[in-house]
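S.K.: In case you want the letters, here they are:
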Amino acid sequence: MSTVFVEPDLVLPPRGGTEPRTVLPATDEPALLGTPRLRSLRGVPRDELVNLVGAGISAVAMALLLFGRLTPLRGNLGFVVVAYGIFLATYALLVSLTEDRPAVVDRIMAVVLSSAAAVAGLALVSVVVYTLWRGRAALVKANLYTQDMSSAGPLDPLTVGGIGHAIVGSLVIIALSLVLTVPLGLACAVFLNETRSRAAQLVRTIVDAMTALPSILAGLFIFATWILILGFERSGVAASLAVSLMMLPIIIRSADVVLRLVPGNLREAALALGAPQWRTVWHVVLPTARSGLATSVILGVARGVGETAPVLLTAGFSSTINVNPLSGPMVSLPLATFEFVRSPQQELVARGFATAAVLMVVVLVLFALARIIGGRPAGSVTSRQARRLAARSVKDLARIESLGGPPPRIPSAPVTEATA
Amino acid sequence: MSSVRARGSAIAAVAACLLSVLVLRPPAEAQESYQRISGEGSSWAAGAIDAMRVNVKQFGITVDYNPSGSSAGRKNFLNGTVDFAASDIPFQFRPEDGSAPENPAPGSYAYIPVTAGGTAFMYNLKINGQRVTNLRLSGENVAKIFTGAITEWNDPALQADNPGLTMPARKIVPVVRSDGSGSSAQFTRWLIHLHGGLWDDYCRRSGRAPACGFTSYYPTIAGMIAQSGDLGVSGYVAQSFAEGAIGYVNYSYAIGAQFPVAKVLNTAGYYTEPTPENVAVSLLKARINTDAGSDEYLTQILDDVYTDPDPRSYQLSSYSYFILPTTIQGQFNEAKGKTLGAFAYYAMCQAQQQSASLGYSPMPINLVQASFDQIRKIPGVEVQSIDITKCKNPTFSADGTNLLAANAPQPQPCDKQGPTQCATGSGGVKQVATPVAPSAAGVEAAGPAASGAVTASASGDGAAADPAASGDLAAAPVCDPDTGVCTGGSGASAALGSAVSAAATPTMLSDSSGWSSVQTLAAVVILLTLGLVFAPAAAWRAFGEGRR
Amino acid sequence: MTAVTTVYEGTPVAAPPPRSLAAALDRGDRWFRRGSLGAGLVVLVIMAAVGLFLTVEALQALRTTGFSFLTTAEWQPDRGQFGIAAVLTGTVLIALVAVSVALPISMGTALFIAEVAPPRLRATFVAMVDLMAAVPSVVYGLWGLFLFQGQVVGLSRWLSTWLSWIPIFRVDGADPTDPLASASVYTASTFIAGLVVALMVMPIQCSIMREVFSQVPVGEREGAFALGATRWGMIRIVTLPFGRGGVIGGTMLGLGRALGETIAVYLIISPRFDVNFHILEAGSNSVSSLIALRFGESSGFGLSALMAAGLALFAMTLAVNFTAAGFIARSRSGASSEA
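Residue numbers (the numbering used here), protein chains in the order written: chain A, 1 to 420; chain B, 421 to 968; chain C, 969 to 1307.
Isolated chain A, as found in the complex (with noise of 0.2 Å):
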């Protein structure tokens, strides 16, 4: 065996993405050990293809004759395991029929990272997917959305009750939530990164110390102040005061990192141009980082909205719909969700199910939300908010013409541009 490690002379760089790439030159002379392999970086070529599989069937055939066959093996995971050990030395194997050492290496890590993700994803697609079919008979009914638990005893079926009450306390807990910590976290962000003041960097520590915080810890907290020394009683305050507690650092701390990213250039024009700080901030800097500061909102939001455990020590529990946070219990999706389960009554696990499914849709939304909004980068604009601006500019114009200053040199062609 020639121990060569094969240094092929023409390297193709990788395709797609746009980084400068290391382009060699061509060359005519014939290759020094026999024609040179390219050595494939991206994409599966043809006999790789056969290659996985070749082996995918045989791994499966050689796991099907032991298990059973020849061996007294047996179980599915077991079989999976032994199949899939099968498949990596068969293809290691098949590959090393034409490549040498290190690339057969590469293929094997190839395969290996993919199979990591494959796992990664399968989790996924299993959780959901299995929420969705033990839910499914409460989910299609329209009175699980309409209707709360108030008149659904335990032993009743599927037609009867719902969890109105649990969507409609989720939102109101949310709502409130977000009306405690928006301002805050955003006004706190504001802090952090516009004023020089020396108490930021200890706010900052504290808030990074708070991310840390179990979300139980928060719940009790609450629990322990708010309703045992203060005397109030379990409600949709307290638990948004609970949820507010988790998220007011998730907030902060990803609003910090946002309002970090707007570029310091537009902040020093405007206070160039003569801008008080404050509307440097309010015009320039929190504009600017909107589609971020949105995507920690809506970050903080999704998690908020699925916690359990702050909800279950604060609000209570309850089968009748409350859209008073101030008094009687609310109960959540989450805490609806945990509660269901727990019965061994099939219809009650069944509503179970569903209201889990439901928080996830509710979440998967807010996070695909997140990911719409965030997924723009500071400073670039739909169409509409691009017809708007010209708008306003047209009217700027209008009202700076009618100062009866000297009329622009090239008054509208900005204009006319953004309206096309």
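Wrong hints could be hidden among the right ones.
So the derived list for chain C, only partly shown, Cβ under 10 Å to chain B, looks like this [stated by the list, open to error]:
1. ALA983
2. PRO1045
3. THR1092
4. PHE1114
5. VAL1121
6. ASP1140
7. ASP1143
8. TYR1154
9. PHE1241
10. GLU1249
11. GLY1264
Just so you know, these hints were derived from the structure itself, not from any lab. Each residue gets a CB set at the ideal place from its N, CA and C atoms; glycine is no exception.
Following the hints, put chains B and C in place on chain A, whose structure we already have.
M.R.: For chains B and C alone, coordinates are given in the frame of chain A:
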């Protein structure tokens, strides 16, 4: 600027959402004069209370009930965070298990017994892959199971309780409550009174000594599962992987989960289950505190229930209580008192007629009347003068006797302790019978001769139940695929002679531990197979490389 | 060098004072300053209040037990016998199981997304990981309780049968030779809870690692390729060393999250109060599920004891998180990445 607008519109959207909710649902307070009340406590009684909650909805009464356990209910009542509590045991002024004493202000609360029921032993057991529905347990065996003295279902003592079943060599998994619970308190009180020795020993082993009084917090040892709430316990037992599990829950949970409960041997020598009728019979013996001035007015002393000689009685029957506020405290005010009063009246009167269908037992007339007096103490209550005969309570009769108890059916003869065993199911699976050995099936066969024979059989089973010999018991056609233990048999004589190990069914213990010849063989086969596939290719590659 | 010094030696000019750029603040700015400072201080006060309150409350319990708080396994605060030996062990074991399972998967997935996946699909995979992070923990708990537990019992049994010579895989009360042995001894265990928590922390770890891996300088990657490295060779000599800080930091952040997880653990485990290192055995405990179980029925002192346990947990997550932040910040990639 646009960020402001974006945020503003987001807030507006949320507000609009809330508003629309408010508008779509006309505020309930406008139509009704009842303020919403909330209660917390017993999960044991939660089924009955939940039904009441659903039914009072029609009167515009909104009740929130959180079944988080009796201890939590009493605690939160004391904290003033709930308007009423439900508890299986009264306040613990002098707790016997070393927990902190509960000290409600004297005269600030009143008990009313709201429902009755039995603490049942729900189990998950299969023989031949078929669910057992007619398990019977003596009180001592129950105590031994929950104190770790019996760990296998085929223990001779359990086999003796169940002459008609061939108990499998499965491990018993006792499932207990992990939270502070009235069921645990009632159960441990029963244990202490009837099987104190077992309990003391267990208490020492679990590290609780010296505080070995009855406790709301069941001590656990390795091998036990602890779950919170009756829901948690019944939910665990009902899982398919929990075969061999047995847990204590209210009878209603077994019915809801459609699982059987163990019939427990009573003093009269009958195995009974806590049907509403049996509970009503048993609780005739409950000593009720009738001193209206006492802090514990209307509370129960169950010592005589444990030893009730009535053949229908169920030893673990008990009442569950509402704890009502009699002063303004915490969240509670007079407006809520009005709601609570109306709810309590409903609970004591109309609600009682349907409790039997849920697996609870209705209140007898004397307790209902006493409770009406207690309800008057709630601040803000609108006193109702209820014609007690209109309550349609099944226990009421013209002459004051407890009709439900008087008409309670006697147990079947096959439920008597001895050689016979009923095949009929129990708990939530009454309609599902479990085949019993012919020797134990016939009611006629309950003669002295047969009983002697079955005693022999039982002892023989006991010997054969040794796990090492579990493959021997094979004189019958129907065999457990897992153990090779066979049941049924061609006739009574075959079953009786089952201790003779003739024609043993070969059984493979496929899960045997350790490296044995089977594993060696398997390894060799695997290596050979892999070799067959890989060797040629590897060789080809090696030589191919060599040639190059 | 010397020439320069001689030039300046002759002219000993005092360093000019830094020019002051102070500007008079207008009224709006003064309010702005005050307002934002106020917001910062409010947040500071709230957060400090949480920490202080927990500490003060916990001290009441800690004073009565002293050091034995760390060594007692029982939890009977009203009898004065309570400690976090059992719950803390359980918490740490669950988190360790979670992280050791999640680490290879998350690292594999992160590398897959950063290096292997076709660029077209990369955004999809990133979204998938984000979605995983978004699924509420109660849903993972349900899934673990109803679906996963039944599947894992077989694995647990296999592990305990063949690997019981490793102490942590031993299961007391399990007899592998007994075909009727109840699967219950393998349920509600540290192992199962850990696996479910692993799914929860996996996406967190993965997204941090992916973030770091995606910042590998293009020049170094190209250089490795140019020298003939295969893709895996490039990962091994460029990506992994570059991202080491991110990998460690991400792992530790996941660990911090795993330590504090409540509901999924509460749903799955059967609480027990003894120090139990057998991760496959039924019964486990964690600080947060202890709090969820006992908060409602605890007396005042019991609540203080729960807070002491919570404080211990908080101290642990805090240490883990700050260590993680340190690792991420110190790593080569850390300057611009935000965990």
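S.K.: With 10 Å as the cut and Cβ atoms as the points, is C:ALA983 at the interface with chain B?
M.R.: Since chain B brings no Cβ nearer than about 44 Å to C:ALA983, farther than 10 Å, the hint is violated.
S.K.: Given a cut of 10 Å on the nearest C-beta pair, is the interface hint for C:GLU1249 held or broken against chain B?
M.R.: Cβ of C:GLU1249 sits 7 Å from chain B, so the hint holds.
S.K.: Hey, does the C:THR1092 contact hint survive, CB to chain B under 10 Å?
M.R.: Violated - the Cβ of C:THR1092 stays beyond 10 Å from chain B, reaching only about 28 Å at its closest.
S.K.: Identify whether the interface hint at C:ASP1143 stands, where standing means a beta carbon of chain B within less than 10 Å of its own.
M.R.: holds, 8 Å
S.K.: Does the nearest C-beta of chain B fall within a distance shorter than 10 Å of the C-beta of C:ASP1140?
M.R.: With Cβ-Cβ at 6 Å, under 10 Å, it holds.
S.K.: Given C:GLY1264 was flagged as interface, is its beta-carbon under 10 Å from a beta-carbon of chain B?
M.R.: holds, 4 Å
S.K.: Hint check: is the beta carbon of C:PHE1114 less than 10 Å from a beta carbon of chain B?
M.R.: holds, 9 Å
S.K.: C:TYR1154 was flagged as interface toward chain B. Is the shortest Cβ-Cβ separation under 10 Å?
M.R.: With a minimum Cβ separation of about 8 Å from chain B (threshold 10 Å), the hint on C:TYR1154 holds.
S.K.: Per the CB criterion, is C:VAL1121 less than 10 Å away from chain B?
M.R.: holds, 6 Å
S.K.: Classify the hint on C:PHE1241 as holds or violated, based on whether any CB of chain B lies nearer than 10 Å to its CB.
M.R.: Given a least distance of 8 Å, the restraint on C:PHE1241 holds.
S.K.: Using the nearest Cβ pair, does C:PRO1045 come within less than 10 Å of chain B?
M.R.: holds, 8 Å
Checked against the numbered hints given earlier, the structure breaks hints 1 and 3 and satisfies all the rest.
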